[in-house]
Amino acid sequence: MAARGKAPAGAAGSSSERARTLEQLLATKEIVISCGSGGVGKTTTAAAAAAMAATHLGGKVLVLTVDPAKRLANALGLERFGNVEIRVPDAAFAGAGIEPRGELWAAMLDTKQSWDDLIARHAPDAKTREAILANSIYQNISGRFVQSHDYIAMERLYEIHSSGTYDLIVVDTPPTRNAIDFLEAPDRMADFFSSKLLRWLTAPSKSRVMNFASKPFYTVADRILGSQFLEDIAEFFSLFQAMAPGFVERADAVTKILSDKRTTFVVVSTLEAAPLHEAEFFIDALDERRLHLGALVLNKVLPSYLRRTATTGVAKRLCSDADALAAVVPGAGDPVDAARVLATIGESFLNYQVVAKREAEQRAGLARTPDVVAAVPYFDADIGDLSGLLQLGDQIWR
Amino acid sequence: MTTLLDRKLLFVTGKGGVGKSTIAASLGLLAAEQGRRTLVCEVDAKGNLADFYEAGETAFAPRELQPNLWAMSMNTEESLKEYLSLQLKIPLLAKIGPLARTFDFIANAAPGVKEILTIGKLAWEVKERHYDLVVVDSVASGHIIGQLTAPQGINELVQVGVVRNQTQWMLDILTDPAQTGVVIVSAPEEMPVAETIELADRLNTETKVDLAAVVVNRVLPELFTEREEALFESLRTPDRIGALSAAADGDVAPVFDAAELAVTLRRTRAEHLATLRRALDPTLPMLYVPYLFTRSHGARATRKVAELLAEEL
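Those protein sequences? They're chains S and P, same order as listed. When we follow numbering that gives the first Met the number 0, the leftmost residue of the first sequence carries the number 0, and every step to the right adds one. When we follow numbering that gives the first Met the number 0, the leftmost residue of the second sequence carries the number 0, and every step to the right adds one.
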């Protein structure tokens with residue numbers, strides 16, 4: 000493995016001392032999993048953390064994203080990126096006036112391609128591999144149906160990590176129906192292959208006498224689905240069964256890596272009720288599974304001056320005494336217009352104060368928070384380049 | 000023009016965090032109050048539809064919350080049971096024992112089973128005319144294509160049998176724009192706009208389901224006209240801020256800062272909104288729902304949004 004940059008004092012490898020900043024946290028971990036509900040800036044946070052780690056901690060850092068937005072590629076100074084990792088050019092860092100200590104790499108998860116690679120790895124021979132790749136059920140599962148994304152993201156993470164190519168991998172999780180789906184995906188995959196039902200389903204294609212228990216199932220299934228479909232399913236499962244031991248072993252290894260000491264989870268949220276509710280749910284789920292919650296990143300936080308009670312009275316006066324106040328600033332424009340502007344900004348302040356106070360309340364109400372909590376203020380503009388990413392990174396780093 | 004609520008089946012989708020459930024709940028409330036027998040169905044497993052009406056838990060069996068308004072939560076296992084007993088006349092419990100036990104497995108393994116049971120139940124309610132309108136608080140935009148194309152996928156995979164016959168009538172309902180439409184909920188922010196444009200495109204190319212409308216949620220109010228903004232800047236000089244602070248008996252600078260923040264937020268959002276409008280079919284109805292500074296949850300917010308939607312329709 001490439002030499003890792005020196006970690007800040009007190010953080011290097013010592014498990015007794017807990018990380019107080021994202022910098023300390025990332026200096027001791029090899030896998031960071033960024034999670035949270037959609038639309039909270041999960042992908043951007045993952046990319047910013049990876050860019051900061053490459054810049055300040057050194058080593059080879061990979062950001063593995065599931066977000067196909069071209070914008071992130073552009074922000075990293077790349078035209079596009081795909082399933083194969085590519086290096087973020089030094090020119091992108093130079094453009095931001097930064098000379099990174101390490102290397103930043105990026106890859107985007109291609110679910111279909113990853114599944115095909117997985118089949119190629121586990122298939123006992125070329126004939127089985129081709130038969131599976133051509134099977135219509137397989138094509139449906141790998142290409143169209145969403146549950147398969149969860150597993151493949153974790154699988155790919157495992158594969159990259161065990162290759163030993165990177166010092167740190169920051170992975171952004173797929174949007175799931177439910178935030179914990181991907182935590183359970185490897186277990187589900189293992190169940191899938193060790194299931195009794197798999198044996199029932201594969202029985203007819205092996206011309207065995209159907210056992211008593213499976214008969215009603217077939218009677219029902221045949222009436223519902225038709226025999227061709229059943230045969231397709233049977234073929235699919237029978238082919239997959241050849242790979243079952245490999246898959247089960249692999250899924251177990253993937254499960255283990257989630258609970259490995261070198262892995263940490265960063266929960267990303269905004270202070271809006273719905274995403275925060277999901278973040279709390281997720282934090283509990285991590286706790287239940289004894290997984291390591293490293294940090295909570297709160298995005299789009301309104302500035303604290305909005306909550307000042309002293310200003311509330313001032314804003315109210317701007318609304319109620321606008322005419323009189325406009326009179327103390329003659330020459331600023333038409334007094335009627337000036338009064339309207341003063342009343343407008345007074346009311347706008349009060350509106351935003353409601354939101355800011357509600358957000359602060361939401362934040363204070365968090366039952367369980369990790370040692371590292373970072374708040375990122377509202378950014379004026381959207382992040383379009385590496386320097387923007389690093390600016391955001393600065394907000395969460397120390 | 001027939002309005003949105005004259006359709007029979009509306010799938011409300013959108014990127015996570017844009018307020019998809021709020022809009023679905025509000026559309027349902029509005030339809031019910033206009034006298035339509037309305038069913039609102041929550042498909043996502045989050046189980047918080049109840050929060051938007053504050054009328055108790057919802058279950059698979061629809062419950063009437065107020066006159067004309069029913070609510071239910073999708074449960075694919077229940078849907079399968081109902082399907083088997085209604086359509087196939089298969090007695091429950093006894094014979095499908097192995098099937099029920101391994102349901103979860105099958106649903107995860109066989110492609111599109113969960114999707115078809117969800118779509119099937121909803122389309123069936125429409126077919127049987129149990130309601131004038133079914134509003135679906137659907138899966139997020141990343142998953143909706145998979146859900147909507149499930150009947151087509153099954154139709155292609157399964158050549159004969161009951162399911163084949165079953166998917167045909169579902170497709171007939173889903174692909175009829177007079178009956179079925181998708182409502183994409185968006186927000187004037189970069190990612191939701193990008194995802195809305197992408198989804199509109201995919202709906203068009205990958206499905207035969209009609210995009211009925213785009214609802215843009217959380218639109219910030221325009222604070223100033225151009226002239227007022229110039230005036231705002233001229234008021235913001237140190238001596239005028241000082242004079243105002245003295246007269247208002249407190250520092251007015253934070254109020255000006257907050258106004259600037261509001262203007263900036265509004266401006267970047269307006270740009271995203273313009274991008275969205277440009278990318279979509281000009282004839283597509285777009286409904287704008289202003290940002291609610293008061294509450295973001297609960298029955299009161301749902302009612303407020305329903306009123307705002309009524310104005311837009």
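In short, the hints are calculated from the structure, not lab data. Keep in mind it's a predicted model, so treat the numbers as computed, not measured. Check the hints yourself; a few may be wrong.
Unchecked claim - Rough simulated footprint, nothing fancy, chain P against chain S, three-plus residues with beta-carbon under 8 angstroms:
1) 36 to 46
2) 316 to 325
3) 328 to 338
4) 369 to 377
As the list claims (entries may be wrong) - Below, in silico cross-link-like pairs of lysine to any residue (SDA-like), each with a Cα-Cα straight-line distance of 20 angstroms or less:
5) S/K315 to P/D250
6) S/K315 to P/L260
7) P/K7 to P/L260
8) S/K299 to P/L291
9) S/K356 to P/A252
10) P/K126 to P/E81
11) S/K315 to P/N67
12) S/K299 to P/A245
13) S/K260 to S/K299
14) S/K111 to S/A133
15) S/K315 to P/T267
16) S/K356 to P/E81
17) S/K299 to P/T267
18) P/K126 to P/Q151
19) S/K299 to S/A272
20) S/K255 to S/K299
21) P/K303 to P/N67
22) S/K111 to S/P88
What the hints assert, rightly or not - Which chain P residues face chain S? A few, computed with CB under 7 angstroms, are given here:
23) K7
24) L219
25) L222
26) E232
27) S233
28) L234
29) P237
30) G241
31) L243
32) V251
33) A258
34) A261
35) A273
For every residue, glycine included, the Cβ atom is placed at its ideal position computed from N, Cα and C.
Results of checking the hints against the structure:
no., hint, result
1, 36 to 46, "holds (count 4)"
2, 316 to 325, "holds (count 5)"
3, 328 to 338, "holds (count 6)"
4, 369 to 377, "violated (count 1)"
5, S/K315 to P/D250, "12 angstroms, holds"
6, S/K315 to P/L260, "18 angstroms, holds"
7, P/K7 to P/L260, "42 angstroms, violated"
8, S/K299 to P/L291, "17 angstroms, holds"
9, S/K356 to P/A252, "19 angstroms, holds"
10, P/K126 to P/E81, "15 angstroms, holds"
11, S/K315 to P/N67, "43 angstroms, violated"
12, S/K299 to P/A245, "33 angstroms, violated"
13, S/K260 to S/K299, "30 angstroms, violated"
14, S/K111 to S/A133, "13 angstroms, holds"
15, S/K315 to P/T267, "27 angstroms, violated"
16, S/K356 to P/E81, "47 angstroms, violated"
17, S/K299 to P/T267, "14 angstroms, holds"
18, P/K126 to P/Q151, "18 angstroms, holds"
19, S/K299 to S/A272, "13 angstroms, holds"
20, S/K255 to S/K299, "34 angstroms, violated"
21, P/K303 to P/N67, "19 angstroms, holds"
22, S/K111 to S/P88, "27 angstroms, violated"
23, K7, "25 angstroms, violated"
24, L219, "10 angstroms, violated"
25, L222, "6 angstroms, holds"
26, E232, "10 angstroms, violated"
27, S233, "5 angstroms, holds"
28, L234, "5 angstroms, holds"
29, P237, "12 angstroms, violated"
30, G241, "10 angstroms, violated"
31, L243, "6 angstroms, holds"
32, V251, "6 angstroms, holds"
33, A258, "4 angstroms, holds"
34, A261, "5 angstroms, holds"
35, A273, "14 angstroms, violated"
Hints 4, 7, 11, 12, 13, 15, 16, 20, 22, 23, 24, 26, 29, 30 and 35 from the earlier list are contradicted by this structure; the remaining hints agree with it.
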